[in-house]
Structure formats: structure tokens, C-alpha cells
Amino acid sequence: MESAQAIKDTIRNFVVAKFPLARKRGVGDADLLLEAGIVDSLGILDLVQFLETEFGLHIEDDELLPENFQSIDKLAEFVQTKHTTA
Amino acid sequence: MKFLIHHMLNASAVRTPGKEALIHGEQRLTYQEVTRQVSGLAAGLKQAGLTRGDRLGIYLEASVPQVISIFATSQAAGVFVPINALLFPEQVAHIAKDCEMTGLITTTDKLAALAGVLPELPSLKFIVVVQGGDAPNITLPVLDFAGLCNTVPSQDAKDVSIDKDLAAILYTSGSTGKPKGVMLSHANVVAGSTIVSTYLGITANERILAVLPFSFDAGMNQLMTAFQQGGTLVLINFVFAREIVQLLLRERITGLAGVPTLWSLLSQPNSTLQRQPLPDLRYITNTGGAMPQAVLKILRQALPTTRIFLMYGLTEAFRSTYLPPEELDRRPTSMGKAIPDTEILVIDEHGRLCKPGEIGELIHRGPTVSLGYWGRPEDTDRALRPNPLLPAQMGNCEKVCYSGDLVKLDEDGFLYFIGRRDTMIKSSGFRISPTEVEEALFSSGKLRGAAVIGVPDDALGQAIKAFVVAKDGAPLLAEDLIAHCGEKLPRYMVPKTIEIVEELPKTSSGKVDYPSLRRREGLTG
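Heads up: the sequence lines are chains A and B, in that order.
Heads up, the final residue of the first sequence is numbered 85 in numbering that gives the first Met the number 0, and it's a clean run with no missing numbers.
Heads up, the final residue of the second sequence is numbered 524 in numbering that gives the first Met the number 0, and it's a clean run with no missing numbers.
The following block holds chain A by itself, in its conformation from the complex:
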């Protein structure tokens, strides 16, 4: 399994490449992605698709929660939890 740091780096690279505001303003691992308007409802779809293909996960609708998606830290935690429970 990938290390926590590697997961975080992969997610950060994707967020920076995909979301123009993240690239422009810079984004820290704990920064709020949803409230800052960096990721919107369509962006969530892109994120879900990325996480599913990159980490081989299947994400259920009831896991689409602000808690799991609000920052790069939280996204990485979510991916790790999914890996250990899978």
C-alpha cells in the first residue's frame, strides 16, 4: 500500500492540476476546498472519478460528505480508511 505521504502528494497534484483556483492561490493540505470555492459540485465528480481510478476504490453516495472532501488531508485520510476497510 502507498504511504500516507504518497497518497497525499498524489491528491495534491491532481487538485492543483485540475482546479485553477488551487493552482493560482496555492493550496495547503488543511485548506478548505469546498468553502473556499476551489471545488464545486461538478469538481466533486472529477475528484470521485480520480480517487476511484487512481486508488482502485468504489465510493458510495453516502460517503460523499463534506467531512471526507473538505481538504487534501481529509481526502487522504478517507482514501486510507477505504483501503484498510476494503
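None of these hints come from the bench; they were simulated from the model.
Derived DSBU-like pairs (lysine-lysine); straight-line CA-CA distance at most 35 Å: (1) B:K177 x A:K17; (2) B:K505 x B:K445; (3) B:K425 x A:K17; (4) B:K177 x B:K510; (5) A:K23 x B:K425; (6) B:K445 x A:K7; (7) A:K7 x B:K487; (8) B:K470 x A:K17; (9) A:K23 x B:K505; (10) B:K464 x A:K23; (11) B:K336 x B:K354; (12) B:K495 x A:K81; (13) B:K407 x B:K296; (14) B:K510 x B:K495; (15) A:K17 x B:K96; (16) B:K336 x B:K407; (17) B:K470 x A:K23; (18) B:K445 x B:K177; (19) B:K505 x A:K17; (20) A:K17 x B:K510; (21) A:K7 x B:K464; (22) B:K96 x A:K23; (23) B:K487 x A:K73; (24) B:K510 x A:K23.
Simulated DEER-style distance windows between Cβ atoms: (25) B:E119 x A:D45: 30 to 38 Å; (26) B:T15 x A:T80: 48 to 56 Å; (27) B:H349 x A:H57: 56 to 64 Å; (28) A:E51 x B:A145: 44 to 52 Å.
All C-beta atoms in this analysis are idealised placements derived from N, C-alpha and C, irrespective of residue type, glycine included.
With chain A fixed as given, assemble chain B onto it according to the hints.
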């Protein structure tokens, strides 16, 4: 007689004062409470200096104050200009400048973001802020929204407006330049509400979830129909599609209007919509672009008891056609027929009526034809023209709306969308002018050429694709340009893909050859 926008609200408040009118999160307001705040704010706005016909900008997220502001402006004989909360200060400034706005209702945070552009807006006399907190230090008077709502209206406050008066300006894009303000009269808005209520069968039992912004004609119409019929309107700010499904269930929503992007979100394979029966949901409507057939199929399976209305409208004529749900099996790709009290003509380039199967421009006649574009008489004359089919004896007594949309009829008189006459792009329900996106690209200072087209996209209807040429062959990264656009433009206007090319194809007159770019993407010119 109910001929002004706020009359619709006031009549419902007289019929059912204690009924729930407006819900947002924990806030639940009865009709009586809504009219109390509307009357207070209307009086407060007049005291602040709003006079008949003055334009008032409403730059707020979906919220109770947003709804109150719309009706209060109408009651104060002003003109409301709803501004999409996604817009950036630069775009808000364009709207405020264009319509010479007298006042603006917004939040403290948004006002702080706008502080830099306020000096460019000399027409502004006052600002109203909704949430507490410290307003930035600006020279204009900053008034408190809640305080204004508590203004005691004077007893002899009478309506001076008539239904021909301008009630609202909705900003929308065309094929070139910056957004234009479509002028709607009270008569347009009241007629749109009556017509749509009729064919959707909206009654006082309706509980409508408003997902679309009120800066968009179909979104505003949901608010109008709900209040006209004495129903209940529920507001939402959402990020996850499941929040919509949860609210549909919790608030026992009966009606939901959306654009194709919303339906794509809701019909994702993992969406709760497909596992969660929604017996109360009586109807859904789609507008702002064609519903993808795959999405329509999923929705029909997931919502077996819900009636699905496919609708079409353009802001310049408010609402135009709908496909009755009974016709979905036979003609799932049709835009339907004219809405009640409206006639849709399909006219060829010689001004003659098209036969079934022939492609022509959709022309709309009826009570929802707008008053044209604010401050743009030439654009207005292009979009609104004399009815070509009236006998000469009638003169130019009627203006009809030339949509710019190419359509054809089948043998039974149902309409089918073919494409645009111009280069306008429609993405996630928004109209986008290619030139506005190109300008943003050029402002990076790195380009010699830029051309923007719409390409088909399952979730967005059309996605924005840009072709760019670097200045002097300088190194260029598509990601950097996308990031640059992200700073200049609201998200829905940022190109999804950028292709760096050596040269743009040109026509013999030296202009960018857009049809050739579209053919390159496998699209018909």
C-alpha cells in the same frame, strides 16, 4: 387585479397568511411573515433613495433575504437585477455599470471583495448588507438589511407602476462581448408564471425546491409560480448531489426544475436518487440545454411516478416550449410545442414558414416576449422584430423574438433543436460568449491568437475548448492558462481543455474560421 410581481405574493398572503411560504435550512417563513418583511424593506429602500424605475442589484447566494429583496424592489417600484453569486467583482462591476445601478444588496464578505471596483460605479447611492460584521470602509452609505426590513411602511403607500413597467433585468451572454441585460416587464413575469403554472398544474399544494439561481429566468420563474399559486418554496445551497436528494425527501418536495448538469449529477451510478423512492415528487422539469438520452433513461427508471417535462426557453422570451410527459416515449429528443398563449414559428432565411423537416430559426410570439436589451437598441432590433406574418394593414404593432436557435418540425408539429445560428456556447445551463473567454485568455499576455468553441460534453451539455497560439513561440502550458482564466472568470466560463496550435485557421477575410475548428473536433461546421 394582480398585475404586478408583488401582487402575486400579496394575494397569496391574503388567502393563506399562516401558510409556509419560504424555507431555507432552519428558517421557515409564513406568507404573512414574508409580506411583512417585503413591505418593510420596500419602505426602507424608498427612504434610502430608491425611486421609480431605479435599478437595484441583488448579489446574494440563495437565501431568504434574496427572495425578500426581489419582491420588495417590485413593491418599491424599482427594477431588480439578480446577480449570480458565482460572478467575480469584475463581472459584477460590468452589470452595475451597464444598468446604472442605484443600490446593491449583498453580504459583508462580498462587499469587501467588491471594494476595489466600487470607485468605478458612480451611479451607486447606497449599499445594503445582509449579515453582520464590519463593513469595509467605503464612502457610500451602508445600510443594514434587517434594520430596513423593520421600517414601518406608510399607510398611504400606493402602487404607481403598471404592468408595462420594467420589473427586472436578467443578464445573459450572446455570441460576442460582455453579458447583456434582458429587460422583463411585470406583465412578462406575471404571464410567464401563469402560463407555466397552467401546464405544470402547479397549485397551493406544491412544494418546490429551487436549485437554479434566480438570475436565470427558469430559476426566477420557480419562485414566481410558487408564490403566485400560494405554494411553498424551499431554498438550498449544495455541493453534493445527495444533499438535494435528502432535501427532496425531508421536505416532501413535489416539484424540481434543473438543467442537464444537475440531472447528470443526480443520475451518477452511485447516486442515492436511484435507491431512494421519492413518492411525493410529482414533476421535474429540464431546461437550459437538451437532457442527454442516457440520463433521461435513468431518471425515468429511478422516478417511475414522477412526470418529466422537457422545456425550452431563452431569456429574451422568458419561456417558449415544453414536451408533455405523455410524448416522452414517442419523441424523447423533441423540445415539444409552444407553451399556452404562445405561438412558435419556424422561419427560413427568406422569412417564409418552414415545412416539416426543413431547418429554420425559432421565432417566438406571445406575452413573454421581453422588452429587449437594456441600453442596446441595435441588439434589441436584431432580436425583437416586427411579426413577419402580420397583414401590412396591422403595421409593426407586434414584436416577436428571433431566438438564433435553428430547429425543425416533425409532421405532428413537434419541434427539434438543431443548433445555434451563431457561435454562442451553452455549458451547464449558462450562456457563454466565446469572445469573453478569449479576452480572458489574451489578458495572460502570452498569446498571439485564441479561439473558443463549445464541444459536446455528457455532464455539461457543451464544454469550453480553447485553441491558442503562443506569442513568438514562447513556451506555454495549458495548465497555466487555465489557472489564469480561473482567476479572471467564474468557474463555468473557464475552458475545460486548451489546445496549443501553431496557427489558427483563417477565413479569406482574415477572421478566425470557427466552422473549421468545429470540424476539426468532428462537429458539423
